[in-house]
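Chains A and B, in that order, give the protein sequences. Mapping the first sequence onto my numbering, position 58 (from 1) lands on 58, and the numbers just tick up by one. Mapping the second sequence onto my numbering, position 251 (from 1) lands on 251, and the numbers just tick up by one.
Derived from the structure by calculation, the hints contain no laboratory data. Don't be surprised by glycine CBs; every beta carbon is placed ideally from N, CA and C. Keep in mind that a hint or two might mislead.
Claimed, not checked - Cβ pair distances, simulated, as ranges: (1) N7(A) x T175(B): 30 to 36 Å; (2) K134(B) x K31(A): 50 to 56 Å; (3) S97(B) x L11(A): 57 to 63 Å; (4) L184(B) x R64(A): 33 to 39 Å.
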Amino acid sequence: MSNNSANSSNLVIAQKVVKQLRLEASVRRIKVSQAAADLKTFCLQNAHKDPLLMGVPSSDNPFRPPKSCALF
Amino acid sequence: MGEMEELRKEADNLKDQITEARKVVQDTTLQEAVAGTTLVGRVQLKTRKTLRGHLAKIYAMHWGTDTKLCVSASQDGKLIVWDTLTTNKVNAIPLKSSWVMTCAYAPSGNMVACGGLDNMCSIYNLKGKDGNVKVMRELAAHTGYLSCCRFLSDSEIITSSGDCTCILWDIETGTEKTIFAGHLGDCMSLAVSPDFKMFISGACDFTAKLWDIREATCRQTFSGHESDINAIGFFPNGNAVITGSDDATCKLYDLRADQELITYQDSGIMCGVTSLAPSLSGRLLLAGYDDFNVNIWDMLKAERVGVLAGHDNRVSCIGVSSDGMACCTGSWDSFLKIWN
Numbered sequence: 001m002s003n004n005s006a007n008s009s010n011l012v013i014a015q016k017v018v019k020q021l022r023l024e025a026s027v028r029r030i031k032v033s034q035a036a037a038d039l040k041t042f043c044l045q046n047a048h049k050d051p052l053l054m055g056v057p058s059s060d061n062p063f064r065p066p067k068s069c070a071l072f
Numbered sequence: 001m002g003e004m005e006e007l008r009k010e011a012d013n014l015k016d017q018i019t020e021a022r023k024v025v026q027d028t029t030l031q032e033a034v035a036g037t038t039l040v041g042r043v044q045l046k047t048r049k050t051l052r053g054h055l056a057k058i059y060a061m062h063w064g065t066d067t068k069l070c071v072s073a074s075q076d077g078k079l080i081v082w083d084t085l086t087t088n089k090v091n092a093i094p095l096k097s098s099w100v101m102t103c104a105y106a107p108s109g110n111m112v113a114c115g116g117l118d119n120m121c122s123i124y125n126l127k128g129k130d131g132n133v134k135v136m137r138e139l140a141a142h143t144g145y146l147s148c149c150r151f152l153s154d155s156e157i158i159t160s161s162g163d164c165t166c167i168l169w170d171i172e173t174g175t176e177k178t179i180f181a182g183h184l185g186d187c188m189s190l191a192v193s194p195d196f197k198m199f200i201s202g203a204c205d206f207t208a209k210l211w212d213i214r215e216a217t218c219r220q221t222f223s224g225h226e227s228d229i230n231a232i233g234f235f236p237n238g239n240a241v242i243t244g245s246d247d248a249t250c251k252l253y254d255l256r257a258d259q260e261l262i263t264y265q266d267s268g269i270m271c272g273v274t275s276l277a278p279s280l281s282g283r284l285l286l287a288g289y290d291d292f293n294v295n296i297w298d299m300l301k302a303e304r305v306g307v308l309a310g311h312d313n314r315v316s317c318i319g320v321s322s323d324g325m326a327c328c329t330g331s332w333d334s335f336l337k338i339w340n
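Assemble the whole structure, with the sequences as input and the hints as a guide.
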């Protein structure tokens, strides 16, 4: 009857949820100290080539037309 | 029913196990780990170009990999490919449906894609023989709006939808290769990992999910947000994920530690995050908000270090070019701005 088929599809959904949770629970995790250290290292090592962080000198800025030379 | 009750108990046990396992590796916090790192100095970017031409709200933009071209989508029913250096329009593509919500540039530069309330992802060939840009494929299978799309190559694209699923498509045949189901709310945004093996999705069920593209499985689920996740992106080395939400915060989740590392929030910010993009080194997080501004965060120290104020309406999309040289913002005020 329709009640049984609704029950069995709820069962299938519940089984899928449990299966997915088992998968997610089995993930191998590293320590936050290592994760944080790696993020920090990546940022610091690549900082010098990050234009938005370092600023772009107008001579190297493709979005800025070169200004005429001014002698101070 | 006995079995339902058992399954419910097992599910609760597994959730507790995951919470415990995450605590076990939490030997410190990101905040503590960067206590000795100096805060980034004030970041002041200027508008270098304004791209004018759309006649209605801009909903999405995406940089091409060549770093000069970008594509934008507006509810004026057009996709425009811009040369950001000259501000010239390389292509102005009229769309069948003006209710567009997303657009994407293929890494090869040969195609663009878009979609929205028509529930379809339309692929356009930019390099057709006679020079005309035509619809190449219309990918139809989603039963809800298309919120985001990203090319893996000229032959594969991933879409996210209001029907709570994401789909990997074969563009050649126009058919679904894999359906990624699991979210319990509209999928709002997706991002592909730098190595193209994984992708992440953010949804209205307040979670972000990491998917293995070839295995077709969800590997990890990240919670913590208190409202819809509207924007999502990978940290440049692919090991972490950044999310932006209607709860007015952005969060950084580390994939290998399987947990949230930090939240980017400020008591003065009370409106939703619409879009986000990291700078090249990952040190800066640029996030667009409903209050018309873009806030620039020091990603390690979680403090605001700059603001981009220049739009007269909500910032709906943001992107940093692949060489990190410029940031592009798109707004409901119908303009795109290039900043650096």
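Results for each hint:
Hint check: N7(A) to T175(B), Cβ distance near 34 Å, so the stated range 30 to 36 Å holds. K134(B) and K31(A) have their C-beta atoms about 53 Å apart, which keeps the hinted 50 to 56 Å range intact. The hinted range of 57 to 63 Å is not satisfied by S97(B) and L11(A), whose Cβ atoms lie roughly 40 Å apart. About 47 Å separates the C-beta atoms of L184(B) and R64(A), a value inconsistent with the hinted range of 33 to 39 Å.
Checked against the numbered hints given earlier, this structure breaks hints 3, 4; the rest are met.
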